[in-house]
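Make the full structure from the sequences, and use the hints.
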Amino acid sequence: MNRLSPHHRSLVYGLLGVLGFSLTLPATRMAVAGLDPVFVGLGRAVVAALLAGGVLLATRSRLPSPGQWLRLAGVALGVVVGFPLLSTWAMTLVPASHGAVVVGLLPLATALFGAWLAGERPRPLFWISTLIGSLTIAGFSLSGGQTALHSGDLLLLGAVLAAGFGYAEGARLARTLGAWQTISWALLLSAPLLLLPALQTAPAVWSAVPWSSWAGFAYVGVVSMYLAFVVWYQGLALGGIGRVGQLQLLQPFLTILAAAALLGETIHLGDVAAAVIVVACVLVGRRSPPAPDAVPAPAEPPPEALTPAEEGASS
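So the sequence shown is numbered by the working numbering: it starts at 1 and just counts up by one.
Please note: incorrect hints may appear among the correct ones.
[Said to hold, decoys possible] Derived DEER-like restraints, expressed as beta-carbon distance ranges:
hint : residue 1 : residue 2 : range
1    : Arg-62    : Ala-280   : 15 to 25 Å
2    : Arg-62    : Leu-154   : 17 to 27 Å
3    : Ser-65    : Pro-192   : 18 to 28 Å
4    : Val-279   : Val-55    : 27 to 37 Å
5    : Ala-33    : Gly-119   : 27 to 37 Å
6    : Leu-199   : Leu-154   : 38 to 48 Å
In short, the hints are calculated from the structure, not lab data.
Every value quoted in this text rests on a predicted model; they were computed, and no experiment measured them.
Even for Gly, the Cβ is constructed at its ideal location relative to N, Cα and C.
Here it is as structure tokens:
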């Protein structure tokens with residue numbers, strides 16, 4: 001990995017993160033078939049916090065500074081609590097197809113918060129390609145006739161804003177604290193508040209829960225809530241919040257493929273057509289350089305921003 005340029009490494013890290021996130025919805029559907037949705041939504045962060053705590057202890061990572069703790073609270077509010085809770089609640093009110101709207105609008109929200117928090121100034125071509133891709137996904141998701149705006153849609157919008165803020169702030173913090181350290185400390189900060197509601201909604205008889213539900217819960221706890229964030233924040237910090245964040249436009253369609261493979265859902269021609277448009281938008285956005293007054297991501301992250309695997313390779 002270190003042989004690649006920072007630009008290409010950001011692309012690899014970003015795609016790995018998107019791939020990890022893309023299996024979240026199918027895994028969640030498997031989990032909620034036998035587990036309480038609140039337990040799945042909050043308990044996965046507790047599982048990830050246990051994993052993160054072990055990694056932090058094993059690597060003897062330094063404590064964040066007081067200012068970094070405040071920013072970690074913002075990250076936790078956005079991606080550990082806000083997005084999982086709001087999107088899960090929305091899924092009880094609107095059809096599952098709306099989940100594609102949530103995922104599809106995330107690149108735009110991430111770019112907006114990146115411009116605000118990190119001073120990034122993408123060129124107009126970037127915004128045009130992102131808007132076209134987002135509108136394509138929105139049209140694809142609403143093509144089934146679900147066009148009424150109600151509380152479920154507002155919850156989805158709140159989930160998008162929460163995740164966009166958490167992604168942008170986490171990527172900004174990862175440049176100084178480190179990618180995996182950022183999500184690890186954010187999880188540990190949130191765990192004490194999430195432990196009680198997770199325990200209250202835990203199954204009374206754990207052996208009665210199907211193994212497929214536990215497998216889905218394990219995935220969202222280990223991969224969706226931790227490992228995918230490690231590589232995702234690394235990619236955002238290396239390549240820029242807006243440009244790498246645009247790779248999320250691919251996520252809804254990777255989710256469709258995963259749902260077809262794992263859950264037997266049907267892929268329609270419209271799905272493929274929309275995916276082609278979105279891929280084209282991603283390619284155009286990737287080739288659009290930042291504006292001259294943009295504040296770029298550093299060419300190389302600080303040593304503490306390396307993943308644990310890279311730290312072992314460099315020592």
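Quiz prompt | Hint check, failures only | solution = 1, 2, 5, 6
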